[in-house]
Amino acid sequence: MEGYSLGIDKLDENIKGIRSGSNIMMIGPPMSGKEVIINDIVYNGLKSGDAAVIVTTREPGENVIDWFDYNNLEIPLDHLGIVDCVTKTLGVPTSETDNIKRASSPVDLTGIGVKISQFLEDFWMKKNIRKTRLCIVSLSTILMYSNIQTVFRFLHVFTGRVKAAGAIGIYVVEEGMHDSQAIATLKQLFDGIIEIKQEQDNHYIRIVGLGKKPSPWYEYSLDGAHIQLKEVKNGE
Amino acid sequence: MVNSMLETGIPRLDEYLSGGIPEGKTLIYLNHPGVEGDVFGMQTLYHCLTTGNNCIYIASSLHPKMLIDQFSEFGWAMDKYKDRLNVIDAYSSLVGDISSEKYIVPDPEDINSITEVIDQVIKDVPKGSVFVFSSLSTIMDLCGEENTINAVRSWNKSAKTNKIVNVYNFTAWPYTESTLAQIKTDLFNCVINVGGIAQQVIYGQYFGVAKADWLKLQEKSMLFRVLRPGGIKIYLPKILVTGPFNAGKSTFVHSLSTRAVSVDRKGTTIALDHGHIDYKGFSADIFGTPGQDRFDPIIKMISGEAMGVFLVVDSTNPENFNRAQQMLEITTGYGLPYVIIANKQDMPDAISIDDIRTRLNLPEEIPVVSTVATEKRGVFEAFEMLVERITGGI
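Protein chains in written order, with our numbering: chain A, 1 to 236; chain B, 1 to 394.
Please keep in mind that the hints were generated in silico from the structure rather than gathered at the bench. Glycine included, each C-beta is placed from N, C-alpha and C at the ideal position. Some hints here could point you the wrong way.
[As the list claims (entries may be wrong)] Coverage of chain A stretches by chain B, computed from C-beta distances (three or more under 8 Å per stretch; other residues unrestricted):
hint, region
1, 88–97
2, 100–110
3, 146–160
[What the hints assert, rightly or not] In silico lysine-lysine, DSSO-like type, Cα no more than 30 Å apart, as pairs:
hint, chain 1, residue 1, chain 2, residue 2
4, B, Lys238, A, Lys131
5, A, Lys47, B, Lys300
6, B, Lys220, A, Lys126
7, A, Lys126, B, Lys233
8, B, Lys127, B, Lys163
With the sequences and hints as input, model every part of the structure.
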């Protein structure tokens, strides 16, 4: 299949592949497992030979790699780049590694942009990898420190870079943290949305904008590091 | 004794600026997003400290306690110069952190709050000091475009009065046209463009002087890399010359280069041609590969590091164009810009440029240059075209 798949079977069947260069917002309530779903998408990409760049604004870079270890998911480290926006804000003297580059803080959009570009160059030019998944986890933290116009400008540049590189970008947003105008502003930059909702104790996921019509809602559960989907029988 | 021209410490830049920045002047590093431009301000700060200047660093996106760590990545030991370095902490209050700095901006989202602290520092430090703003774009993001532009005017006016040099790092995000125009033309005495060479990804970085009002400007630009440790270093790009057997690649390399060597046997290249060119302020190393397909791994190896490609074809031998296309496919797989050299155009049986374009099925925008490499005809025009394609006309 040309382009990308998420590795989440029912969603992939609905959208029949994601075009190279697509930028996708993932929005859902807190504690709904968005990081696990992102890591699952990253892992599925790495397994099929793609590269991945994860921008982490909540966890130090080492924790992201440890998560894969903890869940017994073997990943090719030379295909993974992490932009860590956390460690330097903790005041811990630290250095960069082959996999982890560190921005000064979530305010340092210049630094975040430079590190993303370096990984994209490394994968494209030096490692000859043509498919990369860029995941920003999460935009909401960046929006806590910078206003919407600032983040929009940053995303305007980097969604363009994702298109130019034939990569895909997935950007996590916490539902309820931002006003509807901010979300509407950001949506202009994206080709599709992965929506997550919670009703009572159940979580649901669907994908909008990447297929001919929105996928149905699927109830999901997280089995360790993997997402399991099931059809919702009585509609939404 | 401190020189009245303040050196930036960036290789070749002080040469371009006729010695550095004069007292009371202001300089901005105008950085394209994704390019390591912030290192320019850091390197200038460090160099100024090592050359005996008093410096003030305005930290906008990093806690000052991490400064030493950040500079040490480049091998720059800031703690040796603590007595001549003051830091204005315009970050900690933003994230609710505690600061031990003497100068703290209480509200980094209020431009007046920043100006008040800067005014205080100007009173406290000797004339001739150097102010380095770690990120003017962060200040602009927090305080607004118009407020920041107005504040920069007043900071620069103070610099002139107090014989201070202001140096700014600025990331040129897509701000309003008016803001970017004022930054590029009005606000600063000197503007240094720091840009990226991009195809699918940014694979090269350059800087060039766009404005310096104390000298007559000559267009010059240099490619650079950032080393850790080491900082900004000038980088000589590799340019690949490829093409089928007997197209005239070695002759092309030799006619273009100020100096060149070839490894050949009985007149046929069996390893590499290597030349060096320094032309109109742009330097490059040129590598020519043998034409036979058994040497294709060499093309791949050089393509991974090259900035651009010349594909040389023999205009009298269209039978070899299939092979030329194969070689082009190898290099374009790396996303490199290229120019076609239609060599041997002086021969009576040479086919036309248009014919070559059609037979090679080339896109409209790809230059096909008529050359006679043995007489150096067309070779420098071709070089200029490739540089234009690599740099986007910087």
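Each hint tested on the structure:
Proximity of the region 88–97 of chain A to chain B, defined as three or more residues with a beta carbon under 8 Å from a beta carbon of that chain, is established by the 7 residues found. As drawn, the region 100–110 of chain A meets chain B at 6 residues by the rule of a beta-carbon pair under 8 Å; at three or more, the given contact holds. Counting residues of the region 146–160 of chain A whose beta carbon lies closer than 8 Å to any beta carbon of chain B gives 9, which reaches the threshold of three, so the coverage claim holds. The straight-line distance between the Cα atoms of lysine 238 of chain B and lysine 131 of chain A is roughly 26 Å, inside the 30 Å bound, and the hint therefore holds.
Simply put, lysine 47 of chain A and lysine 300 of chain B have alpha-carbon atoms about 26 Å apart, close enough for the 30 Å limit, and the pair holds. Distance restraint check for lysine 220 of chain B and lysine 126 of chain A: the Cα-Cα separation of roughly 28 Å lies within the 30 Å cut-off, and the hinted pair is therefore satisfied. Proximity of lysine 126 of chain A to lysine 233 of chain B is assessed by CA-CA distance (about 20 Å); at most 30 Å being required, the pair is judged to hold. With a C-alpha separation of about 6 Å, the suggested pair lysine 127 of chain B and lysine 163 of chain B falls inside the 30 Å cut-off, and the hint holds.
Consistency note: the structure conflicts with none of the earlier hints.
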